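A.B. asks: One-letter residues, chain by chain:
Number of protein chains: 2
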Amino acid sequence: MLVGEMSQQECKELLARLGFGRLACAQENRPYIVPIYFASEPDRLYGFATMGQKIEWMRSNPIVCVEVDEVRSPIDWVSVVVTGRYEELPETDEYLKQRERAEALLEKRSLWWEAGLAAAQTRGKFDRDRAVFYCIHLEEITGRRASPDPVEASPHPART
Amino acid sequence: MLVGEMSQQECKELLARLGFGRLACAQENRPYIVPIYFASEPDRLYGFATMGQKIEWMRSNPIVCVEVDEVRSPIDWVSVVVTGRYEELPETDEYLKQRERAEALLEKRSLWWEAGLAAAQTRGKFDRDRAVFYCIHLEEITGRRASPDPVEASPHPART
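Each protein sequence line maps, in turn, to chains A and B. Residue numbers are given in the working numbering: position 113 of the first sequence equals residue 454, and the series is strictly consecutive. Residue numbers are given in the working numbering: position 41 of the second sequence equals residue 382, and the series is strictly consecutive.
Wrong hints could be hidden among the right ones.
[Said to hold, decoys possible] Selected chain A positions facing chain B (Cβ under 10 Å, derived; list incomplete):
no., residue
1, R363
2, A365
3, A367
4, Q368
5, R371
6, I374
7, P376
8, D410
[As the list claims (entries may be wrong)] Chain B regions said to be covered by chain A (calculated; three or more residues, Cβ under 8 Å):
no., region
9, 365-379
10, 397-407
11, 440-450
Think of the hints as simulated: they come from the structure by calculation, not from any bench. Quick caveat: nothing in here was measured; it's all calculated off a predicted structure. Ideal placement from N, C-alpha and C gives every residue a C-beta, glycine not left out.
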């Protein structure tokens, strides 16, 4: 197995392509992880959530970690880890533009997701007051790629 | 979308079946996530890593979070979140039995992984002194399952 560092460009491309990963926040040194969908820009990620432990914890401690990966096997994977800072995008004039940007990007990203939320909303199960748009400002990004050795990749070479 | 709690039994079954997830640790309220493979028993998970930030942080703060999920779409997923406590299994007489148990379970779980490590070891790229076996004692487990509404699940009912 060969493990190498990914460039910043490769890391950002993976974030943009996957748009799905896990976010960890922490309170009193207790970490907490949840899966998230997001839309990405070069310097930030946009996300959406309903109120709950994740939002409460990020409000009290905005330092978060986001990880995305593609794991095909323990010797064949890519993983990008982002350290970032949470900022909420409330429905106020100050945040109007950022919020519109977030909504537009998230909608573009996954229409079927919006459709799902809209469907839930229609049936009165989605509480708009509990909907939170947020962004994660990217502060540090690192990525690693593992690939099989050429020997491992061809365990059964053709016999001559 | 309907979201419901999973029973403890369902959560443990998902952990045992997947054997793969993400682990978060924290230091000075900064969270850090990495993907991990593990073997599970009803009260603990066994894992294996080479020395690095994750192990250093867990040594200084053993409170960790492990999350496993199967996400088919934003309205169709299961996610289990475990809060646990890290314990290292060093190569000492005191930990011999636990370590043998961990090695046996991990080997059973993923022979191809062991094969990959063995291959790396053979070529002198795997440093045994940097290999760490550990267990995560399960303290709190919660799980949630989201499923489409019957209406969402059949968006195109047959016309009569």
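A.B. asks: Quick check on A:A367 please, does its C-beta sit within 10 Å of some C-beta on chain B?
C.D. replies: holds, 4 Å
A.B. asks: Against chain B, run the beta carbon of A:Q368 and see if the smallest gap drops under 10 Å.
C.D. replies: holds, 7 Å
A.B. asks: Is the listed coverage of the region 440-450 of chain B by chain A valid when you require three or more residues with a beta carbon under 8 Å from a beta carbon of that chain?
C.D. replies: Check failed, 0 qualifying residues.
A.B. asks: Restraint: A:R371 near chain B, CB-CB cut 10 Å. Satisfied or not?
C.D. replies: holds, 5 Å
A.B. asks: According to a criterion of three or more residues whose C-beta lies within less than 8 Å of a C-beta of chain A, is the region 397-407 of chain B covered?
C.D. replies: Coverage by chain A holds here, the residue count being 5 at a Cβ distance below 8 Å.
A.B. asks: Are there three or more residues in the region 365-379 of chain B whose C-beta lies within less than 8 Å of some C-beta in chain A?
C.D. replies: This one holds; 13 residues, not fewer than the three required, reach chain A with a Cβ under 8 Å.
A.B. asks: Should the interface hint for A:D410 be scored as holding, given a Cβ-Cβ cut-off of 10 Å against chain B?
C.D. replies: Because about 5 Å separates A:D410 from the closest Cβ in chain B, which is inside the 10 Å limit, the hint holds.
A.B. asks: Take the shortest C-beta to C-beta distance between A:P376 and chain B; is it under 10 Å?
C.D. replies: Cβ of A:P376 sits 5 Å from chain B, so the hint holds.
A.B. asks: Against chain B, run the beta carbon of A:I374 and see if the smallest gap drops under 10 Å.
C.D. replies: Cβ of A:I374 sits 4 Å from chain B, so the hint holds.
A.B. asks: Can we keep the A:A365 interface hint, with Cβ of chain B closer than 10 Å?
C.D. replies: holds, 4 Å
A.B. asks: Is the interface hint for A:R363 satisfied, with its Cβ closer than 10 Å to some Cβ of chain B?
C.D. replies: Since chain B brings a Cβ to about 5 Å from A:R363, closer than 10 Å, the hint holds.
In this structure, only the earlier hint numbered 11 is contradicted, and the remaining ones agree with it.
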